[in-house]
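Asks: So the chains spell out like this:
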Amino acid sequence: MSTLTRPPAVATDAPARRTSPRRAGKRGAYKGLLFMLPFLIGFLATYVLPIAYAFSQSLHEKKSSGIGFGPTKVVFTGFANFSAILSDGTFWAGVLRTLLFGSVQIVVMLGISLVLALLLDGVAARAVRFFRAGLLVPYVIPGVVSTLIWLFLYSPTASPILDVADRAGAHFTFFGGLNTYLSLGNLLTWQGIGFNMILISASLQALPRELYEAARLDGAKEWRIAWSVKVPNITGILVLTGMFSLIGRLQLFAEPLFLRYVAPESISTNFTPMLEIFDRAFKTGDFQYAAAESLVLAVVTGILAFVFYRVTNRKMS
Amino acid sequence: MRPSRRGIALTTGLLVLFLLYSLAPTWFLLVASTKSQTDLYSTFGLWFSSNHFADNMRAVWDYHDGVFGRWIFNSVLYSTAGAAGSTLISLAAGYGLAKYDFRGRGALFGVIVGASLLPSTLLAFPLYLVFAQIGLTNTVWAVLIPYFINPFGVYLGKVYADTSVPAELMEAARIDGASETRIFLSVALRLMRTGGITIFMLDFVNIWNNFFLPLFMLNGERSFPVTLGLFSWVQQAQTSRDMNTLVLTGSLLSIIPLAVFMFALQKYWRSGILMGSLK
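Chain order of the listed sequences is A and B. Using the working numbering, the letters of the first sequence map in sequence onto residues 54 to 370. Using the working numbering, the letters of the second sequence map in sequence onto residues 1360 to 1638.
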């Protein structure tokens, strides 16, 4: 370390600025905050202020004066919006729909990712690299583009899948009833398996090899080792990815919005809570109610994250 | 004990099956971008017919005075500037948090970790309300400012500062008379370079893929990023069918910059994915 062996003469060139190490801690008070200043100002502007403003907006309602023909006025109504949301069937139906759909879709997605990671664990190193690169292709494709691709693959007029099915004599559509959920689920699964596979692979590689040795000496088959030794040791990452995926599903927006163009009768404007908020804000123009809905959804997300946190922490310890 | 031959066949077979599942939709996009409007509907989607790729390319670039090129440019601008700003701000904040002791440091860190759990989509509408009040919507800043502030980046910055900047080195620099800013700029930043690249990469990809914030903030077609531009074409395709080749060829083109970027940074890619998973 050359800086330590410099002649003292250089150091005394700046006598006024020199401080003993002992004083560094005190100086830290404002210096440390100074480094954080740009972030803190931005954080106030893009997190604290918007949430506070949305909250104050949500305490108001737009009322038209007279019998509905006069100009609209924004009046303070206290928690009226929030109590309206609490009994708003369509909003909660959207929340419940995304959570139910999400929990099924995420189990399928993580299941496939787990199987793929376990399979990769068993093939030769060169094959691993090849398969991993290929399976990661959907992850590199922007979400909007992958939604667009599937929009065409599901479309009644352009879909090569329906083309093949028709020729084989099978007639079906990708939308309507359960099929809507299967189609949306397939799209999200396609986007997610590569990414989740990488995570699960990484935690598999982190397991000590000796763990398998004993089982192998006992004559256990590879699939048996996978199921009884590998899987129980990586539940942590499975729960974690499951939790983040579920929180992500509550924010589901672009995918159903795009698919609406193929199947408007199967995907309503309030299919997910975010679609409902978007519709309220920009189609109905009811900013106050939409602001209240955003905050309620944030609280639901927070509760979900907290519950998961508690459950996983208990499991880990 | 070695795996049986049947085991290997089954393993490879399943992997190939999922590889096809992963690749086929992208293959469809590639094939579709070479087709004319009528072929798109009348020929089999997974194989080529007569080649119209050059026509489609020209149509994409020419449409509305080259608005597509503008979208790509915007996406590059938003992603590069947004990620660069966010990386610098995050590294500085993470460094301040890791290397200086001040009152409320723990609480601040807690708030930052908590905020990084809050999905950005949820903030988009409240942000829109504030930005509309101060007349910032429909400007570049309406998207850039929110991109600059990334609590998860600060968290990563703190982790990198903790592990890669030794306190002794900072002390030595102080004895040499370097100012705190100078220490950060010429010593710490260099040591946190790997962390910085990882943060930059995560931000770049997130911003490139972002659809939600621009949808709320921007309404002039020429300020759109490519994700939003493609969406506007999808909307138009509802009324005029000949937009579909544009949508498909444009989609293919919009993947290329991101693919090039990821390829260039592939060394940091896997660690980036693992880091990103924390979010």
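Keep in mind that the hints are not guaranteed to be accurate.
What the hints assert, rightly or not - Ranges of calculated distance between the beta carbons of each label pair, as one might list FRET restraints:
1. A/Val-292 <-> B/Phe-1407: 29 to 37 Å
2. A/Ser-281 <-> B/Arg-1417: 53 to 61 Å
3. B/Arg-1549 <-> A/Val-160: 39 to 47 Å
4. A/Tyr-234 <-> B/Phe-1412: 45 to 53 Å
5. A/Ser-281 <-> B/Gly-1428: 50 to 58 Å
6. B/Ser-1591 <-> A/Tyr-265: 52 to 60 Å
7. B/Val-1619 <-> A/Val-352: 52 to 60 Å
Stated by the list, open to error - Chain B side only, calculated, beta carbon under 10 Å to chain A, not exhaustive:
8. Leu-1369
9. Leu-1467
10. Leu-1481
11. Leu-1577
Bear in mind the hints are in silico, worked out from the structure with no lab data behind them. All of these numbers come straight from a predicted model, not from anything done at the bench. Beta carbons are placed, not taken as given, at the ideal position from N, Cα and C, and that holds for glycine.
Asks: So, for every hint listed, does it hold in this structure?
Replies: Hint by hint, here is what the structure shows:
1. At roughly 45 Å, the beta-carbon separation of A/Val-292 and B/Phe-1407 lies outside the given 29 to 37 Å, and the hint is violated.
2. A C-beta distance of roughly 59 Å is found between A/Ser-281 and B/Arg-1417, which places it inside the suggested range of 53 to 61 Å.
3. Judged by the Cβ atoms, the range 39 to 47 Å given for B/Arg-1549 and A/Val-160 holds: they are separated by roughly 45 Å.
4. Our hint of 45 to 53 Å for A/Tyr-234 and B/Phe-1412 is violated, since their Cβ atoms are close to 36 Å apart.
5. Checked against the hint of 50 to 58 Å, the C-beta distance between A/Ser-281 and B/Gly-1428 comes to roughly 56 Å, which is consistent with it.
6. Between B/Ser-1591 and A/Tyr-265 the C-beta distance comes to about 54 Å, which sits within the given range of 52 to 60 Å.
7. The given range of 52 to 60 Å is broken by B/Val-1619 and A/Val-352, whose C-beta atoms sit roughly 41 Å from each other.
8. Proximity of B/Leu-1369 to chain A holds as hinted, the smallest CB-CB distance being about 9 Å (cut-off 10 Å).
9. For B/Leu-1467, the interface hint holds, since its Cβ comes within 10 Å of a Cβ in chain A; the closest pair sits about 8 Å apart.
10. Among the interface hints, the one on B/Leu-1481 holds; its C-beta lies about 5 Å from the nearest C-beta in chain A, closer than the 10 Å criterion.
11. Annotation: B/Leu-1577 was flagged as interfacial toward chain A, and the flag is violated, the nearest CB pair being 13 Å apart, outside 10 Å.
When the structure is compared with the earlier hints, violations turn up for hints 1, 4, 7, 11 and for no others.
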